[in-house]
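Participant: Given the coordinates of chain A, assemble chain B onto it according to the supplied hints.
Just so you know, the sequences run in chain order A and B. Here the first sequence is numbered in our numbering, starting from 1071 and rising by one per residue. Here the second sequence is numbered in our numbering, starting from 1071 and rising by one per residue.
Treat the hints loosely; a few may be bogus.
Partial list, derived from the structure: chain B residues whose beta carbon lies under 7 Å from chain A [unchecked claim]:
1) W1087
2) P1090
3) R1130
4) A1160
5) G1195
6) G1199
7) C1203
8) L1205
9) W1214
10) A1223
11) V1275
12) R1309
13) A1317
To be clear, the hints were calculated from the coordinates, so they are not data collected in a lab. Positions of the beta carbon are idealized from the N, C-alpha and C atoms, including for glycine.
There are 2 protein chains.
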Amino acid sequence: MSGHLAVVGIGAGDVRWLTPEAQTAIEAADALYGYGPYLERVPARAEQSRHASDNREEMRRAEAALAHAAQGARVAVVSGGDPGVFAMAAAICEAIESGPPSWRALEVTIVPGISAMLAVAARAGAPLGHDFCALSLSDNLKPWNVIEQRLDAAATAGFVLAFYNPVSRARPWQLASAFDRLRRHLPGTTPVIFGRAVGRAEEVVTVTSLDLADASIADMATLVIVGSRATRVVARPGRPLVYTPRAATEAST
Amino acid sequence: MSGHLAVVGIGAGDVRWLTPEAQTAIEAADALYGYGPYLERVPARAEQSRHASDNREEMRRAEAALAHAAQGARVAVVSGGDPGVFAMAAAICEAIESGPPSWRALEVTIVPGISAMLAVAARAGAPLGHDFCALSLSDNLKPWNVIEQRLDAAATAGFVLAFYNPVSRARPWQLASAFDRLRRHLPGTTPVIFGRAVGRAEEVVTVTSLDLADASIADMATLVIVGSRATRVVARPGRPLVYTPRAATEAST
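Looking at chain A on its own, in the form it has when it is part of the complex:
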């Protein structure tokens, strides 16, 4: 078996976040698979085949890429941000587990990338500077009550929260509902950061507070960070700095 599969994180948006390891893995591939807009962000090489698919077709894309690699090809699956955080690496692992035994013998490499929460946090200051949770608000693959339990647990225990998939056209109310849920546990002054299309030309970063946070400004390209009781805002010329101190004194609210 000479096939090889790389699951490659290209970072959250800025081409200057594409690591040398990711660049090398993409260049070395015979075939590239991925969501169309991600494939458009990587440099083309004439001899490579390109297989673009919709972002709701993760399992089919994973299976097609694995089947291709099992034929002996060098295949790269291109993922936005980091492939291991709410992205393609888990779908590839699921496909390997449920697929033919030959897929388990494939050489698989996961290439890490700058995940959206790191990119948004960097723009704001250091909101993830102490304990935090990353949580998908999509209830396509888990019941909403599970998400509510996790919001309650994380907020009351003093974790900062980073929300992936906060809204989509098919999921318009989830982010507003999550803010309402958090208002039970956290003061209205708790800092909230909306990072939209960070690293791209259309980037918008908004710093507000939980009582003023308006879910309608978020879209599928937005990552949202909600602070803990410890998170602080430092006023200065321009956008304030938001950070969570390295020291913590209390957990429960």
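Facilitator: Here is chain B on its own, set in the frame of chain A:
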């Protein structure tokens, strides 16, 4: 005020994780500040001054770098992994908040990097493929009972856990105690990953289970990931794949 401060993440260990943005920020600096071993990992330029310090001197390093930038210099603070995750960005923000007003007028850029949890997860498969928490086990800056409350909350709500600072010479018992605490909530078969010095020549990645996890194999260069009830292990030739599926059905234990 022409001074500029960049807080630059150089990634978790492999030079191929140094992003082009980080490389550019380091090259552009007149002065580099950082923990000695991190400074040794970045390329030298003759005209740059280098200011190495001990890893327990974060606040003094932050203040020295800010004072230097306030004189009009281009200063880069070099941080391992991502500067916003248990690293220098929060210390810089703290120093700005408590320092002279002129520091608030400085131009500050945070350059994200490949954090250790992303690097270790990539080696193992996709253990952070669904909701997860990042938690420092250091009780230097927070009481141990706060850490216990966060372990309880995260494990019972179904989050995967990534532990930063699991042990040090001065904190020998914390990781074993955290494993004991988690054994109250999670089955003994829950996957545990130790990633030591990932990306460096001396890298060792160990996959085990919560009932067998031996805290004594961890050191200061180790990041530990503990799965949730949903995390799966896929046997295959060599090291197994560990992943957390994208779908979740239950939260509480």
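Participant: Against this structure, judge whether each hint is valid.
Facilitator: Evaluation of the provided hints:
1. W1087: Holds. Min distance 5 Å.
2. P1090: 4 Å, holds
3. R1130: Violated, because the Cβ-Cβ distance from B:R1130 to chain A comes to roughly 14 Å (cut-off 7 Å).
4. A1160: 3 Å, holds
5. G1195: Result: holds, 5 Å to nearest chain A Cβ.
6. G1199: Holds: closest Cβ of chain A sits about 3 Å from B:G1199, inside 7 Å.
7. C1203: 4 Å, holds
8. L1205: Status holds, d = 5 Å.
9. W1214: The hint is violated - B:W1214 has no Cβ within 7 Å of chain A, the shortest such distance being about 11 Å.
10. A1223: Constraint on B:A1223 satisfied, holds at 4 Å.
11. V1275: Check failed: Cβ of B:V1275 comes no nearer than 12 Å to chain A, outside 7 Å.
12. R1309: Violated, about 11 Å.
13. A1317: 4 Å, holds
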